[in-house]
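Colleague: Chain by chain, the residues:
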Amino acid sequence: MAGEPMAVVNYIPLIIFLIMGAIVPIAALAAIKIIAPNKPKRQKLSIYEGGLKPIRDAKIQYSVQYYLFAIVFVIFDVEVLFLYPWIYVYANKAMQQFMIYGFMNYAVFEMLLFIVVLLVGLIYAIKKEALRWV
Amino acid sequence: MDGIIEIITQFAADEPAVFALIIGIIGAAVISGVVNVGAMLVIWGERKVLSDFCNRYGPNRVGGRWGILQLGADAIKLFTKEDIIPGDADKAVYVWAPIVASMATMLVAVAIPFGALHINGKDYPLVVANMDISALYVEAALSLMAIAVFMAGYSSNNKYSILGAFRGIARMIAYEVPMGVCVISVAVMAHSLNLVEIVESQTVWYVFAQPLGFVIFVIALITDLGRIPFDQSEAEEEIISGYNTEYSGIRWGLLYFQEYNNALLGSILLSLLFLGGWHGPIIPIPILDIISPLIWLFMKVVIVLWFFIWVRSSLFRLRIDQVTNFGWKWMLPLSLLNLGWAVLIGSYFA
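Going line by line, the protein sequences match chains E and U.
Going by our numbering, the first residue of the first sequence is number 25, and it counts up by one from there.
Going by our numbering, the first residue of the second sequence is number 27, and it counts up by one from there.
Same shape as in the complex, but just chain E (with noise of 0.2 Å):
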């Protein structure tokens, strides 16, 4: 079980570790500005593709259907998202006092309407056809 809540100051060394990832490829990169060498040109410069001069920009539109995985996975990674809070409530001492049909937990038994009315979410996405990649 978790004890205090967690104080901001535990969090400064978040805040050192970023800037030290920005600084190593910052770095790398400043060095390669002195030592490598730099002669752009034309043909250089351009984008591949097979060989050939590009055809068109390739900022395309994708496929409606790809964006119904993301709305899907709002969905589910919600409900992952209640789940984490979940743990302590499950985890709780005085919470496991509470049984229902004297067997189960009461925090198990919520958890459960929870997951089945997703799962049946899920199975209608599935009938559907909505996460078919095309």
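Warning: the hint list may mix true and false statements.
Unchecked claim - Across the chosen pairs, the derived CB separations fall in these ranges:
1) U:262 - E:145: 34 to 40 Å
2) E:143 - U:86: 23 to 29 Å
3) E:141 - U:78: 47 to 53 Å
4) E:78 - U:229: 55 to 61 Å
5) U:108 - E:73: 16 to 22 Å
6) U:86 - E:91: 31 to 37 Å
7) U:79 - E:138: 44 to 50 Å
8) E:84 - U:42: 35 to 41 Å
9) E:109 - U:95: 48 to 54 Å
10) E:133 - U:308: 41 to 47 Å
Unchecked claim - Each computed DSSO-like pair below joins lysine-lysine, with the alpha-carbon atoms no more than 30 Å apart:
11) U:355 - E:152
12) U:103 - E:65
13) U:107 - E:77
14) E:57 - U:117
15) E:77 - U:148
16) E:65 - U:107
17) U:103 - E:77
18) U:107 - E:63
19) E:65 - E:83
20) U:148 - E:117
21) E:68 - U:148
22) E:68 - U:117
23) E:83 - U:117
Honestly, the hints are just simulated from the structure, not real lab data.
The C-beta atom is built at its ideal place from N, Cα and C for all residues, glycine as well.
Given the coordinates of chain E, work out where chain U should sit on it, guided by the hints.
Modeller: For chain U alone, coordinates are given in the frame of chain E:
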């Protein structure tokens, strides 16, 4: 020894902000060194082991028989290559993609315990930011790499890169949910989301307590790391090199290097969650008994990495529609089944 520990804990209690700052600076220097050198050794080890699988020598020229300095030679080559940014590329995003990748790996490294020191019968975990939610945090930070991949692919303005970037995102979102549910199943048994507490609670390794969860987590982890059965975002035979087609020189080197950094950190995470972390019999030799938890974790990580290379050399690449189908239609329901199993075992038999 006791005195030093007492002074440190006292100082941490009195001046938490200063302590966090000092730990952060020391940790950033040490861990970025350890992780980067470790990733270099992983690349070298992968080339060596893969060549063993293929019955050939692998690197054996630079630095003696084992070719241990091959990566130094490769680094010199990458640094002295001409720096080419494609004319049509989105310059700012193109330049920032490797930097974001590196920042993402460091964000993973900050919360992962790299082992423990065994002093006077107690384990002191070596972790920079010991958060209550570190399992959730590490999993979230591991998937930040997908954003760097998308930045690299989208900014290159190359059709192959764009395909790779879109595939990378679709693959990541299909396996993110099962992976999260597996972490939750572990946390249900450990009654905590703190990685240190998860390791401490493993009197029985979770690989034995929930074998199904272990299998799902390994598959999802390989997907997250983009290694071979699931490397559709850079499938060489179909889309040249995927998201990093337009990258060359050290810019490509940085992206490639971060993949191996992530592989190293991911295998540490796998050992911590399912393989008992630094648990193992204490070696009864002075000095060695202090670092024996580190030795056990190191051995587990090496075995996991070897397993990843074995998988890479044995399996073929799957098609992207097969991958997303498998993720949504099998992995997700099975991971929920595993969650039910974990709750059942955790509630009634623990």
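Colleague: Hints first: check each against the structure and report whether it holds.
Modeller: Outcome of the hint check:
no. : hint                      : result
1   : U:262 - E:145: 34 to 40 Å : 38 Å, holds
2   : E:143 - U:86: 23 to 29 Å  : 54 Å, violated
3   : E:141 - U:78: 47 to 53 Å  : 50 Å, holds
4   : E:78 - U:229: 55 to 61 Å  : 60 Å, holds
5   : U:108 - E:73: 16 to 22 Å  : 20 Å, holds
6   : U:86 - E:91: 31 to 37 Å   : 50 Å, violated
7   : U:79 - E:138: 44 to 50 Å  : 45 Å, holds
8   : E:84 - U:42: 35 to 41 Å   : 51 Å, violated
9   : E:109 - U:95: 48 to 54 Å  : 50 Å, holds
10  : E:133 - U:308: 41 to 47 Å : 43 Å, holds
11  : U:355 - E:152             : 13 Å, holds
12  : U:103 - E:65              : 21 Å, holds
13  : U:107 - E:77              : 24 Å, holds
14  : E:57 - U:117              : 15 Å, holds
15  : E:77 - U:148              : 66 Å, violated
16  : E:65 - U:107              : 15 Å, holds
17  : U:103 - E:77              : 29 Å, holds
18  : U:107 - E:63              : 11 Å, holds
19  : E:65 - E:83               : 24 Å, holds
20  : U:148 - E:117             : 26 Å, holds
21  : E:68 - U:148              : 60 Å, violated
22  : E:68 - U:117              : 16 Å, holds
23  : E:83 - U:117              : 15 Å, holds
Checked against the numbered hints above, the structure breaks hints 2, 6, 8, 15 and 21 and satisfies the rest.
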